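Engineer: Line order of the protein sequences matches chains A, B and C. Numbering-wise (UniProt numbering), the first sequence opens with residue 1 and increments by one. Numbering-wise (UniProt numbering), the second sequence opens with residue 1 and increments by one. Numbering-wise (UniProt numbering), the third sequence opens with residue 1 and increments by one.
Calculated from the structure, these hints are not laboratory results. Only a predicted model underlies this, so the values are computations on that prediction, with no experimental measurement involved. Some clues are possibly wrong.
Identical chains blur together in the list; that is why a pair holds if it fits in one copy or across any two.
Straight-line C-alpha distance at most 30 Å; calculated DSS-like pairs for lysine-lysine [stated by the list, open to error]: (1) 87 - 157; (2) 599 - 574; (3) 128 - 213; (4) 551 - 624.
Next come the chains, spelled out residue by residue.
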Amino acid sequence: MDKLLFGVAYYDEYMPYERLDKDIAMMKDAGINVVRIAESTWSTVEPQEGTFDFTHIDRVLNAMHKAGIQVIVGTPTYAVPTWLVHKYPDVLAITPQGQNQYGPRQNMDISNSHFRTHAEQVIRAIMKHVKDHPAIIGYQVDNETKAYNTTGPSVQKIFVAYMKDKYKSLDVINEIYGLDYWSNRINTWEDFPSTVGTINASLAAEFATFQRKLVTDYLAWQTAMVNEYKKPGQFVTQNFDLEWRGYSYGIQPDVDHFAAAKALDIAGIDIYHPTQDQLTGTEISFGGDVTRSMKTNASNYGKNYLVLETEAQGFPQWVPYPGQLRLQAFSHLASGAVMLEYWHWHSIHNSAETYWKGLLSHDFEPNPTYNEAKTIGKDFARLSSQLVNIKKTNSAAILFSNVALTGFNAFSFGWGAREKYNDVLRPMYDALYKMNIGVDFVDPSSTNLDQYKLIVVPALYAASDALLERLNLFVKNGGHIVYTFKSGFSDENVKVRTTRQPGIISEACGISYSQFTIPRQVSLKNDPFQVGKDNNSVKTWMELITPTTAKVLASYEHPVWGQYAAITQNSYGKGIATYIGCMTSDAVLQKVLETAAKKANVWGLDQQLTFPLITKSGVNQQGKAVHYYFNYSSVPASVTYPYANGKELISSKPALKNAALKLGAWDVKVVEEN
Amino acid sequence: MDKLLFGVAYYDEYMPYERLDKDIAMMKDAGINVVRIAESTWSTVEPQEGTFDFTHIDRVLNAMHKAGIQVIVGTPTYAVPTWLVHKYPDVLAITPQGQNQYGPRQNMDISNSHFRTHAEQVIRAIMKHVKDHPAIIGYQVDNETKAYNTTGPSVQKIFVAYMKDKYKSLDVINEIYGLDYWSNRINTWEDFPSTVGTINASLAAEFATFQRKLVTDYLAWQTAMVNEYKKPGQFVTQNFDLEWRGYSYGIQPDVDHFAAAKALDIAGIDIYHPTQDQLTGTEISFGGDVTRSMKTNASNYGKNYLVLETEAQGFPQWVPYPGQLRLQAFSHLASGAVMLEYWHWHSIHNSAETYWKGLLSHDFEPNPTYNEAKTIGKDFARLSSQLVNIKKTNSAAILFSNVALTGFNAFSFGWGAREKYNDVLRPMYDALYKMNIGVDFVDPSSTNLDQYKLIVVPALYAASDALLERLNLFVKNGGHIVYTFKSGFSDENVKVRTTRQPGIISEACGISYSQFTIPRQVSLKNDPFQVGKDNNSVKTWMELITPTTAKVLASYEHPVWGQYAAITQNSYGKGIATYIGCMTSDAVLQKVLETAAKKANVWGLDQQLTFPLITKSGVNQQGKAVHYYFNYSSVPASVTYPYANGKELISSKPALKNAALKLGAWDVKVVEEN
Amino acid sequence: MDKLLFGVAYYDEYMPYERLDKDIAMMKDAGINVVRIAESTWSTVEPQEGTFDFTHIDRVLNAMHKAGIQVIVGTPTYAVPTWLVHKYPDVLAITPQGQNQYGPRQNMDISNSHFRTHAEQVIRAIMKHVKDHPAIIGYQVDNETKAYNTTGPSVQKIFVAYMKDKYKSLDVINEIYGLDYWSNRINTWEDFPSTVGTINASLAAEFATFQRKLVTDYLAWQTAMVNEYKKPGQFVTQNFDLEWRGYSYGIQPDVDHFAAAKALDIAGIDIYHPTQDQLTGTEISFGGDVTRSMKTNASNYGKNYLVLETEAQGFPQWVPYPGQLRLQAFSHLASGAVMLEYWHWHSIHNSAETYWKGLLSHDFEPNPTYNEAKTIGKDFARLSSQLVNIKKTNSAAILFSNVALTGFNAFSFGWGAREKYNDVLRPMYDALYKMNIGVDFVDPSSTNLDQYKLIVVPALYAASDALLERLNLFVKNGGHIVYTFKSGFSDENVKVRTTRQPGIISEACGISYSQFTIPRQVSLKNDPFQVGKDNNSVKTWMELITPTTAKVLASYEHPVWGQYAAITQNSYGKGIATYIGCMTSDAVLQKVLETAAKKANVWGLDQQLTFPLITKSGVNQQGKAVHYYFNYSSVPASVTYPYANGKELISSKPALKNAALKLGAWDVKVVEEN
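Take the sequences, apply the hints, and build the full model.
Structural biologist: Next comes the structure, spelled out in structure tokens:
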């Protein structure tokens, strides 16, 4: 990117009265240099089939251009117009709950031919119309795309064709999915039942993979179309999102992010998170690390990413405290973002997101949040060349897997258990975040494992032999891995391995087990990590581990299970594999990861700080190291700046090695080494 | 009414064996002088299409008449017979959950033409048959009527026609409802989608208004039909009910009570409430005040109302303690009821309401509840001329609004919040009740605001400019208003106002705000109402208010929000507007209302008592003031009677000004001034 | 049975690789002498309509026979193959939630003609094929059969025909079900609505009876078919199950066990229960007592029963502590089981029951659970002739009723109450179990009431006059009955009795009541059973009882209800009837039952022990008394053996009268009297 982008989503269509000039004036005042428009506005662009009206797009493009504000144009396809549903009711997806109804966005079947035909028409019409406009910096295809659980008869046909193509033979499918169980065997392709009612987790997981492929294919299809029109220098992106738990929480189950991002020029994300006393920066860092990792092999700006949406005021409970909006903004940059865009400019006066407030309230007047954004815009402009396109290099990575996620979630910790894959992954991420250990994300398709010293592997429940053997080899060659429970348990088809557990990785881990149970009043014997009684208990899951060659880091305190190991560490070849066989407290988890990080030599100057003092770094376009320091707390703090002399960019004052940097409540400092 | 009516619902059809003579003897013994019959008995009156059987009605009318018991005949339409559903399955409403099934009452589409045709046939057949019977005092049309969320295709057609008629142009609708959002724009009438799936609260609120209009129209239609047959002196009523939370709780969302009551001669209500240690009288008072207010402009007995149903034994947990049935009975009278009817005479031996017990248990024998009813019947008869048709005049009113209710409930306090409009309204009502401040209810259609000194306005979330300007004018002219948070926020179409909040009422309130949040560990600074720590906290919602001309009654105690006002008071013209910007404890609410009541001069002798000692008064037919004193407690109490000398009617003893009136557990005393 | 059977369910079809010889070797090693096969494998036996493949069955039968392991062959009908659903979609049951989907077992309409035709074809094909195989000891028809709430139009036709046949006249139905209520009256058979939406508990209960009859008829139909082929000495059984609450909890609502078992040669059951610190043996004892009672009048091995399924490792939280698997195994025998079969041999690698682990884990290797099973197999073989076919004689019985259960559950303790019939029955069973009072189960069809001294009658909510009169007579003749609240309340059609409650049994109980309520802060006056404050409170339900001739055992402590009796005892003829009018603590219940048992002379040497020390006894084939002693605790204990000198069979050491028997943690001892 040629500069830091600071922007908002802007909907001229939604304005209750003529606002364009006033809005642009206020934007300029706030340093906003980019807006995203047009996604979700199909019904205004194409009010009736084949009738197009580009008024809103045109006037915004022209006005923005005149004001020097760049524009990202979104294809409008993620919300279908009334006429389309009226004429072609089958565009509404049939899900396990029945056919969707008109009203919400994202209710369509993205594989439906009527939908595709009309989506293509509107996209091409827009592209033809706008392609030469100088305001446009790039395009966004669709928005937060998923397959929305589309499972109707026409999707079933595509799925069966996909299965035929992938496996050729039903015998293979029956075998690897164990379909003889409960008479689920399929003996002719015609008999292939809908997966909606299936009790076979292998088949269900394959259908989930298929659904993720629908997303990948659909985004590639839109991207290819847009590519036909886009000009050199313009990018195509998509606004990905994360597993949602009232805010952006974890790995997205419904999209294969690494695969889907391939077609794009640069990855985009939306990140929403709690604020006020709940603001920790974790989701900003997590979402950033995931998105930055999507296009690791990209040569261009792919190594950075766009924050296409994040909150300004957001939900009522998210109205930021003074300083938080700035803290958040610089936190995004510190993770590698080159654009920060608020959703949205103005709060919406009607409909579902009335209480998801933008930079402006419904009254369009300056307010404390907008006023703070003005300071951000000013700093972004001033520091753009030093902070844009920062390159980050991490020695640690987290290995996630959509297939493992689906398989794990199918069973969790037994019937009735509510924990999901991300409940295992996030505590590991959070522990690393709190220790200021920067991480990338890798997935089973990643070919760059060797660049890391430490790989953290949460709940790799379903994995191919090849992947597990690669991981063994990684350790053998000197790498460090920290596994949790349930890793290696089943193959890539969610068939439980028929060997002793944890299957293939037993070799690197030096352990085995064949039984597991739910802990009740179980703790770790003798508090091995010195975390105190409350933090020493074991919860939710415990494997009854017998070490073969591993050293026992912790065993269970329990009248019956005391003989078994809970956490082990094993030297294998030149490396070390740590295995965490039970759900522990965050405190224990952090200690185990600290131990592993130290052994892996992923422990340095940044580890002198811990949350709420967060530090991130990278190398800027000038080849200089940039160090961010954040205080995620209302209590002022002082940190010792440990690197080479440089300049604190916000204050423009010198920052000397080993001198104190003062951080106010929710404050940020940025040091560029000389 | 020419006398106090004391009665029961009576179903000869449900009797397990021949009971009529025995029942009437027991009724006479209990002073029962009216029964309600025939509602819900369509299948016995018309066992097959066009075949009528009036046996049950005739024998009950004749026997009651002979015994001097008057009869209210209900149209039987709220429960459809099996043959109707078998022949015309489309009478069962299609709701968002699918088509209703046969079995329950109130499962029909009241707009369905087959239903209407057959409802008309059965109503006319009954009316023709009974119209000359001398036992009949009046008629009830249908029962607890709603539109039951009917949303099928035929209803959709009616709704679109209603929209065309109301707005003429889709452009207007798109504009005022903001339908461009998420591509919801409707460009031709043919495209108009069902509102079932809508995410547009404005459209959903309009559909709710439309559904309430279906009820109003349907009741007017039935009433017009009955009016063709009824004799002079007979009334037509309907049994309205309240929002149900296991008991009668608040404003009914699904009926526009003021509009629907217009067609009727007198308003009726059912009121169910907890008893035993949970008996407070609040629901009796609330339901009475709402119902008495329905026909404020009626010249006739419309100023009083009928309690068409209330519990005798009721649910198992409601079996009354000794004294409670009497306390309840006189409480109804004190609010202006002229009839008290138990639902029902006998407990039902089969089906859904077996454990909703009547005055008699399933054994038809006298029991403690029935025996206490006998004392009520005796007193009612003896005191009828003094206690019937009491006229009540209040200086305070609560302004409620179905439109505000719908709009508020669409958003509540943000995604996931469970609070409803009535959770704001009821605490205000309850505080006034506990302070013995009598209130009427007014709604946006009321033209009599000027008769009040104090108007309390909970959560007037959606309101027209005209209404808000009327309220400003009310203050300007010397009135007092107490508003809560969220009032004035959106217009009558649930479009959020584009001005600073609270919009038009800012002028009278002397405040503005553009941000709000959810309080966490927030209280009122310096405990301004001296309610103690537990009662001083702020919950659920807080607006970040800046006073312009208002005086701050309370501001927030919080590290960040401390600069903002929480509760304000503003002199405007000759009056005062109080604004409560956050959800407070009941204790704070009571203090704020006390302050306002005192300033509004709505504070007098009755305010020397507080709950559990409740007093109500009115003027009887003889023009004498009548004062009720209730002890809603098991602890005996003594109150000082502060009015002119009179007679305590129950004991027939003199009651002297400033003398003590003793009240036993759950006791009542009634003084008529000389 | 000619020996104790110790076995597993075995599914050659589900094996991930060739295992048969290895599995059989491990089985032999564990003393396994029986396997159950083929149920749920329709899709492998009949991969396409009319094409049969007996490979799996044949190879297992042959290999087992060769190894001397006997086989139970199950009909495969409880899980339908894909082709059947593809060709005849109507085999999937339509339930109130819509039509079932393919995937799970037990999704079919067992009354569907396509299903029946094809079920017959596959059963006959299997039977013809296997009938001469010498390995087969017996057959299981279907599995855990229910009607699965099948309610579609074709079932409705059968139901209406059933109603016509049973009642002849709609007038009768309208009368006894009280269908005039809410216009539910049915005036022609054509109008008969689906019961899916009914609010009439009488009609709903009849439909539940009808559904249970579908099960009885279906099992009789399968059994008759199998009987055509089976050889002398082979048995037919069914795997019944209990109400499921995450484990086997109570009386099965959906099957009339006594009726359904009539067609069978021997009753079978599956019993699953918590283990580890939650292991109490209660469900083993309960399930055993129920199943043993199913065929009381059978002359043959019908007096014992088969445990067709129970857990080995089971759910993760059920992995047994050392000793528990043995304790469980002998507990089954002590209740009269002649077979103990684990579900299942190996843990399944795909699909829904992956985490319902078998004797082997997924790795097929020996594990602690399997190793403990080996000791059981050895002991079973050694002690077979002494422990098989034990005959049990009890002086106490519990009267349960499917009709009462359905009626009770329709209302529970009022709207919103969650308690079910089994919440009343189980505490009574549990109290008897803890006091080591052995019980049988009887139901309204039982003709052997006179053999008992004490009958415990929980919540006999719906019962015919005849049954209640029989119970009165039982008391009159010297029997003892302990009733709970709600007994006798309604007739067999769930019509509440029109007499004073508790209706007909008032005579024997010497009490009456007409009101009841929900206790709040109510206890028993003066702690009459000396159980201490915490155990003395009354919960959930209380009847306001007035004794006529009864002695009051406990009355209520409450300001208002203090005048009423809570628990009474009445001498009637030569016997005594105790009535418990409220829900008490388990401690009070145990005291009341202890008192009753002592009066009934059901109190002996076994009552010197209480839980966790459990004793059971019976008479073996040699006519010798056998006494089991169980320690359901991790704390070792010593019990005094009070019977005649004998031999402790597990240790083969003498057991002398009044000598101490030592029991380790979770230990068992078995004494055979000399």
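Engineer: Can you give the numbers of the hints that this structure goes against, from lowest to highest?
Structural biologist: 4
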